[in-house]
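Colleague: Below, each chain spelled out in residue letters.
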Amino acid sequence: MVSPNVVSIVSKVIKDIKEWNIRSSSGVAEVALENLAEIVKLSNSVKDLVENVTYVANEIISSRPTSAMLINSFREVLLTLKHNLEENVDFKSNVSLILEKISYLLRKSREDTEKISIIGANRVVHGDIIITATYSKTIMKIFERAYAQGKKFEVYVAESRPGDDGKIIASKLSKMNIPITLIVDSAMRYFMKDATKAFLGAEAVAANGAVISKVGSSLLALAAHEARVRVFVASSTLKFSYETIFGELIKIPHAPERTIIDEETKRKIGEKLKVEIPLLDIIPPEYVDAIITEYGVIAPQAIPILMKQIYGKWPPEFPDIQTLINEVKKCLQ
Amino acid sequence: MSTIIPEDVVKIADDIKTMRIRGAGRIARAAALALKIAAEKYSGRKEVSDFIRYIDKIAKLLLSTRPTAVSLPNAVMYVTSRLKRAKPATLDEAISLIVRYSNEFIEYSKTATEKIGLIGSRRIQDGDVILTHCNSSAAVSVIVHAFKQGKNIRVYATETRPKFQGYITAKALLSEGIDVTLIPDSAVRYIMKKVDKVIVGADTVAANGAVVNKIGTSNIALAAKEARVRMFVAAETYKFSPATVIGELVEIEERSPLEIVDEKYLRENPNVRVRNPAFDVTPPEYIDTIITEEGLIPPQAAFLVLMEKFGWIIQDYFVKEFKLAREEYEEWY
Chain X
777 MVSPNVVSIV SKVIKDIKEW NIRSSSGVAE VALENLAEIV KLSNSVKDLV ENVTYVANEI
837 ISSRPTSAML INSFREVLLT LKHNLEENVD FKSNVSLILE KISYLLRKSR EDTEKISIIG
897 ANRVVHGDII ITATYSKTIM KIFERAYAQG KKFEVYVAES RPGDDGKIIA SKLSKMNIPI
957 TLIVDSAMRY FMKDATKAFL GAEAVAANGA VISKVGSSLL ALAAHEARVR VFVASSTLKF
1017 SYETIFGELI KIPHAPERTI IDEETKRKIG EKLKVEIPLL DIIPPEYVDA IITEYGVIAP
1077 QAIPILMKQI YGKWPPEFPD IQTLINEVKK CLQ
Chain C
3 MSTIIPEDVV KIADDIKTMR IRGAGRIARA AALALKIAAE KYSGRKEVSD FIRYIDKIAK
63 LLLSTRPTAV SLPNAVMYVT SRLKRAKPAT LDEAISLIVR YSNEFIEYSK TATEKIGLIG
123 SRRIQDGDVI LTHCNSSAAV SVIVHAFKQG KNIRVYATET RPKFQGYITA KALLSEGIDV
183 TLIPDSAVRY IMKKVDKVIV GADTVAANGA VVNKIGTSNI ALAAKEARVR MFVAAETYKF
243 SPATVIGELV EIEERSPLEI VDEKYLRENP NVRVRNPAFD VTPPEYIDTI ITEEGLIPPQ
303 AAFLVLMEKF GWIIQDYFVK EFKLAREEYE EWY
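In order, the protein sequences belong to chains X and C. When we follow the working numbering, the leftmost residue of the first sequence carries the number 777, and every step to the right adds one. When we follow the working numbering, the leftmost residue of the second sequence carries the number 3, and every step to the right adds one.
Keep in mind the hints are simulated off the structure, nothing from the lab. Keep in mind the model is a prediction, meaning the values are calculated, not measured. Each hint can be trusted.
Listed below are several chain X residues computed to face chain C (Cβ distance under 10 Å; list not exhaustive): (1) I959; (2) K1048; (3) V1051; (4) P1054.
Using N, Cα and C, we set each Cβ at its ideal position, and we do this for glycine too.
Produce the entire structure from the sequences given, and follow the hints as far as they go.
Modeller: Structural data, given as structure tokens:
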């Protein structure tokens, strides 16, 4: 049994994820890892450690099953834990090895963002009008870097409901002195004819190069494709979804009603009103011109090639996350 | 000699201007009513020529209230051009002509929405899932007619940022007992794969069949085209714009940023530019058919409707004026 303390830490993280308080998808993985580290430190025996780590992995992943970075990060931690258990590593060393892994993953996430922003900023040229939607730490970094390089460009950002990320992006970019225009999501196609490029972040990249991103992203990509505006997606290879190699479909989570409408308003419209708010949608690979990874710019269809380069073979040998959780639990018996 | 404009007429003009009277149909009917009242309360010299000058003055006043609404000039021209064409011999005859044609226009406008509902409903099949945008009485009329014929239908209504007109649509449909689901505008591409038909209204139909409607309509049309979902536009013939026949562009109104963000946001973020176009243009190739009270037409045949309904208006008003402008131009050089 996990302690009430652990339960309360985890439920706070889940609430923040579900209510879109953590806007960036890398941010979700980072917050999850930071909290996992705290929980690992709270553990007082091997049994406790295994229970805690598997509990956190299960709960947080099921709150955001689309986040490949979340799954991949937990997989790395669970592999370390499994290895430690199999090698009968003592409790103290086990904890410190896991904490080491977590801080490696956090460091990698930050370094990847840096590398991607360098490559991404190279694609920004003088006079660009870049259209974007939904909050992405990496995209923000690209803009910041391109501006620091003295490039003169403009950004259009869609409001990005639910969550209204666009208002936050606009505010932040304006404070960096980047010319920024805020528009409603409905105006994406209207302004696309003025844009020279579209930049988007990613929640996950599937085996066929399809990009899973916050809802509205695929609409932006579609409008860009129609207007022959190039679409760039910034994504660390940590966001590549291994599960999809084996045919797993990505399930789209939904946001709670209150993220777009309050109780009172709903009552006035009618008690029977239903509300549907998909949090994410899928951009088909043919609408993506390039994915900017920490290894460089690649075509979405070339993802298997990059995978092979990194892991030496394709498909990479990774256990499915659910199988891994069960295996770790079994080690205890 | 100046003739006094009756108070009731000034009030109607004012109500249109300040948007107390809104919606294309209501604006058009109010303008026709204003002309009727003006004719009945005419207090000037008992000469036909004076009366025509007076009516022209009223027409000008009405036209100035909403320069972008196409139903308004169509209503005014419907009445005034018929007066001039009839070449009345006496003042009494002139007054009765205005009264007659004002009544005729009001009747035509009132029944048009109803007829569209009936004609359009035949295109809806049992079990259809329908997506609609903003609030259009013609589109609502189609859906309600289909539902009352016993067809089991479900409706997705977009929120329609910035002003949430989707709430009005949802309320109207719910009150008829129709199953309605509200979605954010960003989710239209995600939802499209579950949709069988899209039905929207129109603000203006141009001579080439392009439809000017609430911002976001062209996003939806694009997503519908991609998913091979049929796109219907419900539009009364007085929404067709005679001016576009001679190449006039439809002006897209940009509204206040305060519809999108609040004053506090603007104060805190003085460098954020907010652009808020009220309408966008859907190209004719994305529209399957326009449902008018006269019947279904392909959008590319809009010119036919314009010639049938407003042909001699186009001749009298636009072509003549156009010729005049040319003569003036030639005199200059």
